[in-house]
Amino acid sequence: MSSLLTAAPAVIAAYFVGSIPFGLLVARVFHGIDIRQAGSGNIGATNVGRTCGSRWGILVLLLDACKGALPVWLFPHLPRLWDAGWNAAESGTHLAVLCGLAAIFGHMYPCWLGFRGGKGVATGLGTALMLAPGAGGCAFLAFAVVFAISRIVSLSSLVASVAFAAVELWMLRPDPFSGPTWSLALFSLAAPVLIVLRHRENITRLMKGEEQSYRSGQRPSEGPAKPGTGAAEPGADSAEPKSDPEAPQSGV
Numbered sequence: 002m003s004s005l006l007t008a009a010p011a012v013i014a015a016y017f018v019g020s021i022p023f024g025l026l027v028a029r030v031f032h033g034i035d036i037r038q039a040g041s042g043n044i045g046a047t048n049v050g051r052t053c054g055s056r057w058g059i060l061v062l063l064l065d066a067c068k069g070a071l072p073v074w075l076f077p078h079l080p081r082l083w084d085a086g087w088n089a090a091e092s093g094t095h096l097a098v099l100c101g102l103a104a105i106f107g108h109m110y111p112c113w114l115g116f117r118g119g120k121g122v123a124t125g126l127g128t129a130l131m132l133a134p135g136a137g138g139c140a141f142l143a144f145a146v147v148f149a150i151s152r153i154v155s156l157s158s159l160v161a162s163v164a165f166a167a168v169e170l171w172m173l174r175p176d177p178f179s180g181p182t183w184s185l186a187l188f189s190l191a192a193p194v195l196i197v198l199r200h201r202e203n204i205t206r207l208m209k210g211e212e213q214s215y216r217s218g219q220r221p222s223e224g225p226a227k228p229g230t231g232a233a234e235p236g237a238d239s240a241e242p243k244s245d246p247e248a249p250q251s252g253v
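Its first residue numbered 2, the sequence shown is counted upward by one per residue in my numbering.
Derived from the structure by calculation, the hints contain no laboratory data. The C-beta atom is built at its ideal place from N, Cα and C for all residues, glycine as well. Hints are not guaranteed to be accurate.
DEER-style ranges, computed between Cβ atoms [stated by the list, open to error]:
hint	residue 1	residue 2	range
1	ALA9	LEU142	31 to 39 Å
2	ARG174	ARG152	41 to 49 Å
3	ASP35	PHE116	16 to 24 Å
4	ALA9	ARG56	33 to 41 Å
5	TRP171	GLY115	35 to 43 Å
Take these sequences, add in the hints, and give me the full structure.
See the structure below:
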């Protein structure tokens, strides 16, 4: 059995794990609401925190991060179940990278919600902390510092993504794309690029000075989002928000 066919089931499984819409499930199970019809309409941790309370937003953040961490930690060993010759020590890092990217992609494009998902920040963080703890920790620190100053989730997420890429490539110097670490170098570019692309509308609002801070976001008492003002979501998740400058920023 070729390495590609051997690894494919693990990568597919990682996608399905990443596509679990925890924000939607938490809001529905514990609060009886469809988070896609509340606040910004996003199912990410930010909108859940605004709509259901901070502790529920933190819970969704942790669950979404686990969606990235679990496949990276466990799934590289799965091929042993169907291929006795699978060498996790030799190929495990490359498969872990593929599983991490698949989990992020699943979070962004979940099959359960019409392939309209989140920004991938929380899931990307979980993946990064498992694959590259040093760079992942620096990215988390960058997010925390920028958020403490600006209170803008999207800006913090973008800075963290760039910081992760820069730190990881620096740690893999002098030639990150050669040798056994090439897949980590690829991940350090691919994951941030995916996250930045999912923040296109946020970047436009940031450039116009129209992106709202977390403290100015819609509260539960304000009721559900008006039609057309938001769809779902980074980290952090279902239909993407419309380009309405007045809509709250997307979650993680």
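Hints, one by one, checked against the model:
At roughly 36 Å, the beta-carbon separation of ALA9 and LEU142 lies within the given 31 to 39 Å, and the hint holds. At roughly 34 Å, the beta carbons of ARG174 and ARG152 sit outside the given window of 41 to 49 Å. Here the CB-CB span from ASP35 to PHE116 is close to 18 Å, well matched to the stated 16 to 24 Å. In this structure the hint that ALA9 and ARG56 lie 33 to 41 Å apart at CB holds, the actual value being about 39 Å.
In this structure, TRP171 and GLY115 meet the distance hint of 35 to 43 Å, their C-beta atoms being roughly 39 Å apart.
Hint compliance for this structure: hint 2 alone is broken.
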